[in-house]
Every structure is written in C-alpha cells, then in structure tokens.
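All chains, please: the whole structure from these sequences, using the hints.
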Amino acid sequence: MSVDPYLPLAYRVIAVRQETADVATLDLLPVGAAIPEPAPGQFAMLYVFGVGDVPISVSGAPVEGAPLMHTLRGVGPASRAITRLRPGQELGVRGPYGTVWPVAEAEGHDVLFVAGGLGLAPLRPAVRQVLANRERYGRVSLLYGTRSPQDILYREELAGWRRMLDVQIEVTVDRADASWRGAVGVVPDLIPRACFDPASTIAMVCGPEVMMRFTVLALQAAGLPFERIFVSLERSMKCGIGLCGHCQFGREFVCKQGAVMRYDRIAAIFTVREI
Amino acid sequence: METLESTVLAQPFFAGLDPGIAALIADCARNHSFELGAYLFREGDEAREFFMLREGDVALEIQAPGRPTLVLSTTQAGDIVGASWLVPPYRWNSDARARSRVRALGFDAACLRAKCDEDPRTGYAMMKRFAPLLVHRLHAAHLQLLDVYGRTAPA
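Protein chains in written order, with the working numbering: chain W, 1 to 275; chain B, 1 to 155.
It is worth saying that the hints were derived from the structure and are not from the lab.
The structure displayed is predicted, hence computed values, not measured ones.
Mixed in with the good hints, there may be bad ones.
[What the hints assert, rightly or not] Ranges between beta-carbon positions, derived for each pair:
1) B:37 <-> W:37: 26 to 34 Å
2) B:45 <-> W:163: 40 to 48 Å
3) B:147 <-> W:49: 28 to 36 Å
4) W:268 <-> B:111: 45 to 53 Å
5) B:78 <-> W:268: 55 to 63 Å
6) W:197 <-> B:15: 14 to 22 Å
[Claimed, not checked] Negatives, chain B to chain W, calculated, CB over 12 Å:
7) 12
8) 21
9) 76
10) 99
11) 140
Built from N, CA and C at the ideal position, the CB exists for glycine as well.
Here's what the structure looks like:
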C-alpha cells in the first residue's frame with residue numbers, strides 16, 4: 001500500500017479494450033512504484049487527475065508483474081473520464097483494498113460463480129484462479145446473466161472456458177430477438193440447472209444488488225446455507241480505508257469489511273432499505 | 001414398462017403426486033414431438049394443451065410490427081410450457097417455438113379442467129404445483145423488467 005493511504009501512485013494505460021458499447025477494460029502498468037498485488041475480489045481507487053476518483057474492482061488474473069486490469073462502465077464524471085483514457089495516458093491508483101473471494105477456502109468443494117452484468121468483472125480473477133488450479137476443486141459452474149447478447153463481457157474468454165470439458169458455463173440474457181441461440185431469462189433460474197452438491201459448495205455472487213437478492217433466495221432453495229454464500233457489495237466509497245464512513249453498511253464498512261462479504265453476516269440487513 | 005402414468009410421476013414438477021391423481025392426469029396426456037422451428041402454439045390460439053418438456057428447448061416469443069421477433073423466455077427439459085389453459089379466456093398470449101427437436105408431454109386442457117372440477121383433490125394438487133410456478137415466473141418477469149444491468153446512477 002502507498003505510504004500515505006491517500007496518495008495515489010502513477011499508472012500508465014497500456015491497452016484499452018472496448019468490451020461492449022459502454023464498457024471498457026484498461027490494462028495499467030506502474031510508472032514508478034507499484035501497489036501490492038491485488039487478490040481476487042479486491043478493488044482499487046482509480047483517480048483521474050483533476051476529475052476525481054472511483055472504486056473499481058480488479059478484473060485481471062492475480063499474476064505477479066501482470067498489468068493491473070479494470071473493467072468499468074462510464075456512468076459518472078470519474079468513470080467516464082477513465083473509459084476515455086487512451087494508451088500512454090496516466091492516472092492515479094491506490095489500493096488494493098477490501099476483502100477477497102474465498103478461493104482458497106473453496107478448495108475441495110464444488111464452486112458456483114453467479115455473475116450479473118458487470119458483476120462478471122470482479123469475479124473473473126477468482127474464476128481464473130480456480131480454473132488455473134482446477135484439480136483442487138470439485139465441480140465448477142459459472143452462471144452469467146446480462147441484459148442482452150450485445151452486453152456479454154469477455155466473449156472470447158467465456159468461449160475458452162466453455163471449451164474446457166470440466167467447467168459448466170451457462171449464459172442467459174434478459175432480452176433478445178430470435179437470432180439469439182442462448183437462454184433468455186433471469187440468472188437465478190439457471191441455478192436449478194447447475195451441477196453442484198449443496199452440502200459441499202461455495203457460491204460467489206456478484207452483480208446488481210436486486211439480482212443478488214433473487215440469487216440468494218434461489219441458492220437457499222437449492223439447499224445452500226448462507227455461510228457458504230459470498231456476495232460482493234457496492235456502495236459509495238471515498239477513502240477506501242474505513243475512515244470516511246461513506247460506505248457504512250450496518251456496523252461494517254464495505255471498503256474494509258467488504259466488498260466481498262459472507263452472506264450469513266449481512267443477511268439480517270441485506271434487504272433493509274435504510275441501510 | 002414406461003407408461004404415461006410413470007412418465008408423469010417421473011417429472012420433478014409432479015414430484016410427490018398421489019399415484020391415483022397421477023393416473024387421472026395421465027388420462028389427459030399424450031406424447032408429442034416437434035421438429036426444430038415448429039410451433040407448439042401460436043399467440044391468440046385457443047389454449048387446448050399445456051406441455052411438459054422431456055427433451056429440447058422452447059422459446060416463448062412475441063411478434064411486434066416492424067421489430068424482430070422478441071424472445072420472452074426460454075425453457076428446457078423438465079420445464080412447463082403454457083399456463084393460459086388455466087385461466088379464461090384460455091388463449092395463448094405468446095408463441096412457443098421449438099429451438100431444437102422437442103419431445104414433450106401434452107396435457108389436454110379441457111380434460112384436465114373437467115377432472116379438477118370433478119375431484120377437488122386433483123384440482124388442489126394441480127394448483128399446488130402451478131401456483132408456485134406462476135409466482136416464480138411473475139418474480140422473474142419483475143426482475144427482467146427492472147433492467148438491473150442497465151446504467152446505474154453515478155457514484
């Protein structure tokens with residue numbers, strides 16, 4: 001971590017990939033000193049000089065020396081400015097922050113990834129890590145729901161995962177015309193089709209909160225206990241280190257005790273509107 | 001030997017069904033197969049049957065002038081296709097098209113409604129299975145309508 005937790009380190013954009021019409025992935029390399037290697041599930045604060053900063057999950061593989069990779073949609077001033085950066089331009093990075101997906105804890109178990117929309121990006125490092133050590137896990141499934149066929153992220157990588165014979169990949173979209181050959185429907189409806197033993201499965205869920213609420217209900221119906229369901233929360237974050245209170249979620253700070261949280265620890269407040 | 005009754009009882013949708021009721025329901029069932037692209041039913045037609053898919057995929061579709069055919073949802077083996085047979089005026093409100101070769105059990109709606117009217121136990125057993133299905137599909141439709149993957153407010 002930076003010596004001063006508020007001081008970003010300079011990173012240079014080395015590649016930009018337009019994933020969909022409004023979602024881009026940036027590869028970043030440090031100009032000088034680098035932040036520590038992020039673990040799957042962690043995020044960094046990306047700072048566009050003169051505009052502001054925004055928390056974005058790491059979406060690349062946790063490989064030493066590999067570029068820092070972030071996938072994001074431009075929705076606010078800072079995120080829009082980031083998606084407009086081009087190779088050679090610089091931005092500030094501080095972090096990594098937050099908790100991690102239970103990739104190590106899942107060894108020996110079936111693993112079920114459930115991603116919704118842009119939620120595939122924070123899950124991708126965990127998927128990559130599990131698949132890179134495939135022999136350590138039981139059955140592995142990735143269920144991915146998104147808005148339309150045009151909004152599917154990481155198409156080539158998904159196709160590669162599909163070609164692996166020991167991974168179940170199911171993709172569904174909310175809306176499509178008849179030219180789409182895949183499933184149409186919501187991602188929780190894929191859960192009964194996934195191959196896993198509820199008595200020995202760890203589920204990692206990431207997506208819009210409403211999608212996660214429906215997904216948790218479907219996982220519960222499938223027999224998965226709350227303590228083996230992990231969700232990644234999104235809240236307005238500013239400091240990233242549990243000081244400012246912007247991301248307070250009950251007794252926790254999402255930036256520090258999250259963003260990845262074990263569901264049984266937040267179940268009582270997950271649907272409380274005021275929180 | 002596989003009979004319609006044993007086939008009905010083997011479907012998860014009918015899990016736990018009293019064998020006597022399964023026999024009544026099986027009296028209203030017949031086997032179907034549909035080739036790729038064939039329609040199980042068309043919007044506006046009388047809902048004479050509902051289907052339980054044994055093999056293959058079906059898309060529920062709707063036509064809108066000047067737009068490509070829209071897919072409302074897709075169903076797979078084990079799923080039920082069609083609920084309009086339950087509710088007057090018993091007309092389909094979408095098309096159902098086979099997206100692969102499909103094998104299905106078809107249940108005659110008039111036959112089944114008559115048996116449900118004659119025997120409330122049968123009617124209750126069917127409602128206990130269809131009500132959760134309808135609620136589930138309503139929730140799924142709500143989630144689709146929410147467009148949760150769309151652009152969110154800036155942070």
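We went through each hint and held it up to the structure:
Distance hint check for residue 37 (chain B) and residue 37 (chain W): the Cβ-Cβ separation is about 52 Å, which falls outside the suggested range of 26 to 34 Å. For the hinted restraint 40 to 48 Å between residue 45 (chain B) and residue 163 (chain W), the CB-CB distance of approximately 41 Å keeps it satisfied. Between residue 147 (chain B) and residue 49 (chain W) the Cβ separation comes to about 34 Å, which falls inside the hinted range of 28 to 36 Å. Distance hint for residue 268 (chain W) and residue 111 (chain B): a CB-CB separation of about 49 Å, consistent with the stated range 45 to 53 Å.
Checking the proposed 55 to 63 Å range against residue 78 (chain B) and residue 268 (chain W) shows it is violated: the Cβ atoms sit about 34 Å from each other. Between residue 197 (chain W) and residue 15 (chain B) the C-beta distance comes to about 19 Å, which sits within the given range of 14 to 22 Å. Under the 12 Å C-beta cut-off, the non-interface status given to residue 12 (chain B) relative to chain W is violated; the minimum distance is some 9 Å. Look at residue 21 (chain B): its CB is around 24 Å from the nearest CB on chain W, clear of 12 Å, so calling it non-interface holds up.
Residue 76 (chain B), annotated as away from the interface, has a beta carbon of chain W within 12 Å; the closest lies near 7 Å. Taking the minimum C-beta to C-beta distance to chain W, about 7 Å, the non-interface status of residue 99 (chain B) is violated against the 12 Å cut. Not every CB of chain W is more than 12 Å from the CB of residue 140 (chain B) (nearest about 5 Å), against its label as outside the interface.
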